[in-house]
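> With the first letter of the sequence shown counted as 1, position 187 gets the number 187 in the working numbering; the numbers rise by one all the way through.
Keep in mind the hints are simulated off the structure, nothing from the lab. Each hint should be verified, as a subset may be incorrect.
[Stated by the list, open to error] List of simulated lysine-lysine pairs, DSS-like, C-alpha gap at most 25 Å:
(1) Lys-171 / Lys-242
(2) Lys-188 / Lys-229
(3) Lys-37 / Lys-185
(4) Lys-139 / Lys-188
These figures come from a predicted structure and were not determined experimentally.
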Amino acid sequence: MPYIFVVDGTNLKKCLKSRLFGVPNTARAYSQILPVKENQTLFLYEYGAKRIHGIYKAKSGVFTEKNPSAGPWTGRKRDEKAGYYPHRIEIEITQYYQTGIEIAEVERSGLGLDRHSFNGKSCVYITEEQAEEIINLLKKANPEGPSEPPTSVPLQSNKKPVALADLSGEKEEKLQVLVQQNIKKLGKLGLEMEVLDSYFNITECMSCKTMCTLDYAGQIDILGMDVSKKFVVLELKAGEAKKAIVRQLEKYASVVRKTFAQENADVVRAIICGSSSRELVECFRQRRIMAFKHDTDFESYIDFEPLV
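Please model the entire structure based on the sequences and the hints provided.
Structure (structure tokens):
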């Protein structure tokens with residue numbers, strides 16, 4: 001699966017020089033880098049210039065750096081606040097295109113990827129089709145072809161296991177990480193899936209109330225794909241699920257159908273919550289929404305049981 005990492009202009013250069021991509025020391029950011037696997041295609045979105053750069057490939061899986069203050073992203077207060085981006089992957093530059101493409105060009109392609117896709121994000125999932133279009137646009141913007149990449153100055157990594165207690169975040173943000181780390185447990189209960197993205201941004205036209213790429217409208221807690229290649233919209237609640245979640249799931253499923261219509265139009269809707277009323281459980285059953293109750297300490301343990 002392809003991914004785009006979000007970075008500013010200063011740290012973009014450091015990413016390429018060190019051959020490392022990283023995200024802040026928060027549960028929210030960590031959950032976004034977790035789905036990235038070795039050998040997957042990667043890009044960088046430079047949010048100041050609103051440009052996408054590439055083409056890169058993940059050379060390792062996700063790891064946590066024990067001494068992140070050793071570099072490469074240091075020297076600024078914003079870097080310190082982010083914990084020096086300790087959750088990282090090693091990358092290689094497969095083709096270095098000096099000129100990035102403006103996000104406006106990608107928006108005009110009509111593939112459901114726009115500047116709102118990167119709001120509050122550290123890492124963003126894109127489809128193979130979206131990645132192919134980005135590559136085509138990069139080639140068009142660089143008719144002379146790829147250039148010689150920046151000289152690599154690698155850093156010695158000192159890896160350590162990650163502990164949720166070390167990540168800043170609210171209960172639901174830590175629940176997000178625990179669910180991803182224990183996603184196979186859901187497979188035993190009938191929801192066998194892989195995680196594609198967390199906090200996946202959706203947009204809505206506020207004037208006509210139909211889904212399109214105009215205004216920010218919310219985030220899908222977990223976007224996944226099941227074994228039959230159906231997209232999965234999975235919402236998480238640390239406490240009790242409320243009735244509004246039903247409409248929310250329907251809305252999110254609708255935008256997924258529209259955004260990824262050329263990939264797959266089928267969407268599974270699911271929720272994991274701390275509790276739910278009998279009436280709501282019956283509503284889940286009638287609308288064919290998969291529902292699970294979690295048992296967790298929000299730090300290291302989680303288990304699930306089906307509600308329907």
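> None of the hints should be skipped; say for each whether it holds.
Structure-based check of all given hints:
Between Lys-171 and Lys-242 the CA atoms are separated by roughly 17 Å; this keeps the pair inside 25 Å, and the hint holds. Only pairs whose Cα atoms come within 25 Å are accepted, and Lys-188 paired with Lys-229 is accepted, the gap being roughly 18 Å. For the hint pairing Lys-37 with Lys-185, the CA-to-CA distance comes to about 20 Å; that is within 25 Å, so the pair holds. Proximity of Lys-139 to Lys-188 is assessed by CA-CA distance (about 44 Å); at most 25 Å being required, the pair is judged violated.
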